[in-house]
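Participant: As a plain string of letters, each chain reads:
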Amino acid sequence: MPPRLPTGCSAQLVNCLDRSSLCTTQRAATAAGRPSWPSPATQQSSAFSTTAPRDLTINQRRFWKWARKGLGKTLRSPKPGQTNYMPSGSNSSRADVPFPTNPAFRSSPVLSDEARERIWENVMKKGLPLKAVSARHGVDMRRVAAVIRLKELEKAWEAQGKPMAIPYSKAVLSMVPTHDCAPDSPPFEAINEMHVHSYTQQQIFLPTSESRHFTRADAAKAFGEKILPPEKKMWVPELLQLEKDIASGVGIQEARSRFLQATAKSELEMAEKHAKKDAIANEENVRVNTDRFQFRFEGISVDSSGKTGRHIRGVGWRYGVPHNDRKPGAVKIPTKVE
Amino acid sequence: MKQRRLLRFHGLKRARPRQTWNKYNLFNLFRLREPRLSGKTIFQQKWAAKAYTRAYHGEHIKERQWKRMFSRRLPSVVNMDPRYLATDDGSRLAKGRGSGLATVRSVHEEIPYMNMAFFPMERRLDIAIFRALFASSARQARQMVIHGAVKVNGKKMEFPGYLLNPGDMFQVDSEKVMAATGRPRPSQAKEYVARKKRVKAPTDNASTAEVEEEVEEDATEAEAEPVSGESAKAASIMAMREIRERAKDVIKAHKTEMSGNRKKALRALMKEARSNISKSQKSSTTLEETKTIVNQLTDAFAKLELSDEQRKEKEEREAKEKEPQVTVSKRDLALIKESERAKLENPYDPSKPYLTPWLPRPYMAPFAFIPRYLEVNQKICAAVYLRHPVARKGEAEVPTPFSAGLNQLAFAWYLRRG
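Protein chains in written order, with UniProt numbering: chain A, 1 to 338; chain B, 1 to 418.
Hints in this document: simulated from the structure, not taken from any laboratory. The reader is advised that the hints may include incorrect statements.
Claimed, not checked - Covered by chain B, according to a simulated footprint, are these stretches of chain A (three or more residues, beta-carbon under 8 Å): (1) 50-56; (2) 71-81; (3) 146-159; (4) 277-284; (5) 313-320.
We put the beta carbon where it would ideally sit given N, CA and C, even for glycine.
When you get a sec, could you build the whole thing from the sequences and use the hints?
Facilitator: Next up, the structure:
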């Protein structure tokens, strides 16, 4: 057992320890520029404790310095009308890179409210074909369709008087870069981007004569029988004719009007095709209207369940064949919602 | 109870970036140092990279689930200019011995495939909600889905692990979005302190005992009051007394039917009058000061004298009388209308779970970006998942804070087990 101090002496020691620890905490707190939580008054009230109070860690102190005086202060609130991303350490910091450590990810502009309205008007009011609107503003076909779909919903909400998140919308659109699709502004995005098929990612040695006129279509065939050349994979194939017309000396106005006609025609054809398909489905299905639902009966075949009775197209419950969703561990999350 | 892995979620010591808008997370991103890989075996390097990147990409998803989603095929696109396709059939590139005649070296920008390592994660409904800026963290987005605030193609979807298909539209309850992205309402205690600072209102338990005390104090005051020489000052003091007396009468007369708030305000007025009386009796206050105080008190009393219904009627009557006389310029009118519209759009509403008028939460701007594979309509809090994220020349659409090297190591880890 270690020798013990006399009682009076220990009290003095405790006092002295206490005071010294107090001094250190106060110094640390002033260094951090932040009042530390244990005040001298509370210290004295718990004078029996010799443990120094817990102070901010070095990381916490760094954080608060950063948040109060450093970069954190400028990042706290948005800069109206422009992005406020973290600047990178190097001089070549760009305004559209949110993560300075990954310059390959860029914050690309989104369509502003005016742009969405403009696109909606062009399609729904003026009746321009989707393809033409897409080519005119340089907006992807899928995006044009999505914009119209969302805008229609927005208008429905407006008509119903449903409350909308307008302050939120304004705040977000002032924080991200936007594009307004004005008639003279550059295209919003590249509209002729094509998926890179995995078959085309290999290098092929194809012996052929030097005199052969080897085109893109031939190259596509060399990669695989079903691989299409880029001309056949375009979302707006009418653009090819437009460019050909312009290259062959047709006036731009004339070429554009031809393009408009061609896109309108293709849209009409597609609509007819869909209508025909629907009509055939209508003929085949029996429809029964009630006041709330429309019941549609499709023709089924008993044989569709196959020889084993387990084919995916089989209908109804079969004796001895358990349902897939009764199996343990089966994932019940739907794979699509229509 | 808090899960063990959430205890140091935004820890500063072993900092890892997370999918949140938290200020500590921002600080961790600011001083992001990728794990040191030198001196480590390949296995260790891959392990470290996997652990570090997975802490950001769907840390709330179990490893087995992610392994099932992982894909070794990283999607990419190439932009083909229609003008080039129309004017050139590509045979130029196959001239000579098969690699083109001209030896023109174009600046070759590479496709950053490796930054796409976690692209299947972006298909998940909860992460897409976070990317569309409808939630302040992926976990919050997940909770929104579970709590039934999200619809996919108009139908309620309660599985956060639902993998969106191209063309799917998801909608989040706009109230939930406003609550998630708006500033939090100050706590009740803070609100109480702020209110107290603003108006020094009397405490809630104002009772008849207090009134009695006041009466006693009046008596002592009356005795101790010295007579002032200036008649004007004396008159204003008299006026203040008058107000006090009348306020007392009003309280007495309508004790039963009067609302609590009005009673409280009247008592506060009485108190103020009393303190002002004793102040103006001192020689230090000037006559003008006393006069302004008297005016303020009379105005305040005029408001409180009548009950709410009576006051409304009176105000309407006055407004009607005033209307034809007021002439406002067109510009002012437009400004007024604008401010009224702003108030209507973003009103003060204490019933909301967030601070009103709505303001974006602090530190939101550094995280505010919307990837290109989403088309978002912020007004109705709905978005369309257009297509899967892709890589193109010099750009990868998966929002990740990590460099290509680290992503590549993580990709290699899953490649072996994929």
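Participant: Work down the list of hints and note, for each, if the structure agrees.
Facilitator: Verification of the supplied hints:
1. 50-56: violated (count 0)
2. 71-81: holds (count 7)
3. 146-159: Holds, because 8 residues of the region 146-159 of chain A bring their Cβ atoms closer than 8 Å to Cβ atoms of chain B.
4. 277-284: violated (count 0)
5. 313-320: violated (count 0)
The earlier numbered hints that this structure contradicts are 1, 4 and 5.
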